[in-house]
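S.K.: In order, the protein sequence lines correspond to chains A and B. Numbered according to full-length UniProt numbering, the first sequence spans residues 1 to 337. Numbered according to full-length UniProt numbering, the second sequence spans residues 1 to 380.
In case anyone wonders, no lab produced these hints; they're calculated from the structure. Hints may contain errors.
Computed, partial: chain B to chain A, Cβ under 7 Å [as the list claims (entries may be wrong)]:
no., residue
1, V196
2, N260
3, T357
4, P358
Selected chain A positions facing chain B (Cβ under 10 Å, derived; list incomplete) [what the hints assert, rightly or not]:
no., residue
5, L66
6, N115
7, G191
Cβ coordinates follow ideal geometry from the N, Cα and C atoms, glycine included.
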Amino acid sequence: MTTAPALDAAPSVRTTTMAQALNAALRDAMKADPTVHVMGEDVGQLGGVFRITDGLTAEFGPDRCLDTPLAEAGILGTAVGMAMYGLRPVVEMQFDAFAYPALEQLFSHVAKMRNRTAGKLPLPITIRIPYGGGIGGVEHHSDASEAYYTHTPGLHVVTPATVADAYGLLRASIASDDPVVFLEPKRLYWGKDTWDSAAGVEPIGRAALRRTGRSAVLISYGPSLPVCLEAAEAAKAEGWDLAVLDLRSLVPFDEETVCEVVRSVGRAVVVHEASGFGGAGAEIAARITEKCFHHLAAPVLRVTGFDIPYPPPMLEHHHLPGVDRILDAVARLQWED
Amino acid sequence: MTVLDHRHLAAVPGWLPGATGHRSDPAPLLPDASPLRVLGTSALEKTDPELLRELYRRLVVGRRYNQQATTLTKQGRLAVYPASTGQEACQVAAAMALREQDWLFPSYRDTLAVVARGVDPLEALTLLRGSAHTGYDPRASRTAPLCTPLATQAPHAVGLAHAARLAGDPVVALTMLGDGGTSEGDFHEALNFAAVLNAPVVFLVQNNGYAISVPLTQQSAAPSLAHKAVGYGIPGRLVDGNDAPAVHAVLTEAVERARNGGGPTLVEALTYRVEAHTNADDATRYRDEDEVAAWREHDPIQLMERHLRPLGLIDDELVQQAADEAEALAARMRAEFHADAELDPMSLFAHVYAEPTPQLREQAAQLAAELAAEAEVHDR
Ligand SMILES: Cc1ncc(C[n+]2csc(CCOP(=O)(O)OP(=O)(O)O)c2C)c(N)n1
């Protein structure tokens, strides 16, 4: 696990969108460390299709924030060589499904270079990937692809759900000496919140309990977290008191916190929008069962998207887990002890 | 509906010739019709005699290395060996065109090039022995790991060269791959990135006629692989890959052009692998002996002897010296690989992350317990 970098002295409490917090994290990281280089498609003049890199080329020049040719394997492969020479590339993949051309570089080289070279060539690369649905995107623009990355040893996989974490976790990811797949829940890009850049940096690998509760715990991350919080609120009407745990980092996986919460509550539902089969939820449920079996009053349930290619936008709400589906699962946890 | 034809486009400022940022005349980028040769031409007289002798010596030692490694696979001492027998000139001459600060990005067949960089010949073999992925320190030798996924090391070379140029360092990256590798997307993306970034990179394609069993005609319809450079706006060069001084000359020119800001070059070296793809391959299934025999006549070592002996550049003394050196190396390889490798199973967990995750710590403890239990049984 990587510790967070020291931040600039000037404390700043701000109200921004997650997109702006990510932009601030990039800017602050580039200011703090001249080896940080941002690169990707349209990240320069345009500031990225989601404007996460807005203004970076103007401030740091086209070498530090580089508009690359349109080729994801080329972008990530070039970043590998740059990292080998001492730079800290921050790569933007334009959309989740468009990272797939780069998977060969990611799986065969980025994830393994430290291991292949017995520690001689660590690759401090951050790969930012806007991911997930719920924004009305047409096909290939809404994949939740975290399971591909979590299944690949050598990668850290991080996904913020709050504005503060967006800033803090991105700074920590850029500072990490290992490659980090930084998954940005694109449907949360425009949500506003107050955050303190001086206090908000978290080491990656720690879950955060967003809400305490005694009836059951909803375990989630990224785009599904607000849905879980909403479900927890709605559950009050049923007399259920739900805890909500935000994983924030899938690799490393904060088993300690997860088990602590599950042991105290005894019932758990894992929620994510990616397909369930072979998904991150399967891993989490299996681990809880292995480690906390005697504390469980019910089997660990999963609420996930269906095992289908991401649907057309007019149908996506049927696929994405919503409050009702989560509450149904909570009901199935057999309440009478 | 308005149809935009080219006359229309010509009226749009961005489309005016010369206003597009594209090169207007690709002709200078085209490779020569026939491969460059030095042996048997007047260019030989201008070549440094000491370089020629050094090339010869390394070819002989490299040939022996190839033979010994192949033998070691038969004895089960190496997991696999893709011999570069017949291709030694490309391996040795290319690596010798680099300076110390430059970087090499080899593929799995390029062990000899790695050795020519100064890496210990035994350390260069750990991947193929199966004892470790990369036995040498890539940073110390400025040599990337031997790369197995085809052409994927090419963008790394571009990135490193780009970073070095940004730092103001006079560093050049050379990446080597085979003819089959030129069909991979990463090769093309790397050429394009290199051209756009004007990165100091040299791409060396060793066209040995086959990608495992598939002949070049089924790999590419281009007039030559060097032609592939032209579409990216960089020069393509064609060289006789069995003519060591020619390979050295072309590579030196490309490396120095890159170093001086002239950007990337794609070099295609025409050569042949006279052995099978690896020790596990049966080459008789896809090519006939006549073809192999013809190439054996165009052997890089014999070519050197044929042309340098009459000039007195190769004499009995040099031949003996090279042969002795080759035998000494072969003996060292046999001695080293005769013993079982010393392996530490716990090293499996050492370099997955800078610090192991909690899950990896747990798994390491599990393996440690298994090893302890095994040792106990052993001791009893
Ligand atoms: C991406 C990828 N696909 C397939 C392979 C399996 N493979 C190993 S070598 C080889 C042929 C390569 O031929 P070429 O590039 O001409 O190099 P040569 O073996 O002739 O040196 C193949 C298909 C591989 N290593 N990587």
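S.K.: None of the hints should be skipped; say for each whether it holds.
M.R.: Checked hints:
1. V196: holds, 5 Å
2. N260: At about 19 Å, which exceeds the 7 Å cut-off, the nearest Cβ of chain A leaves the hint on N260 of chain B violated.
3. T357: holds, 4 Å
4. P358: Nearest chain A Cβ about 6 Å off; hint holds.
5. L66: holds, 8 Å
6. N115: holds, 5 Å
7. G191: This hint is violated: G191 of chain A lies away from chain B, its Cβ roughly 30 Å from the closest one there, beyond 10 Å.
When held up to the earlier numbered hints, the structure conflicts with 2 and 7 and fits the remainder.
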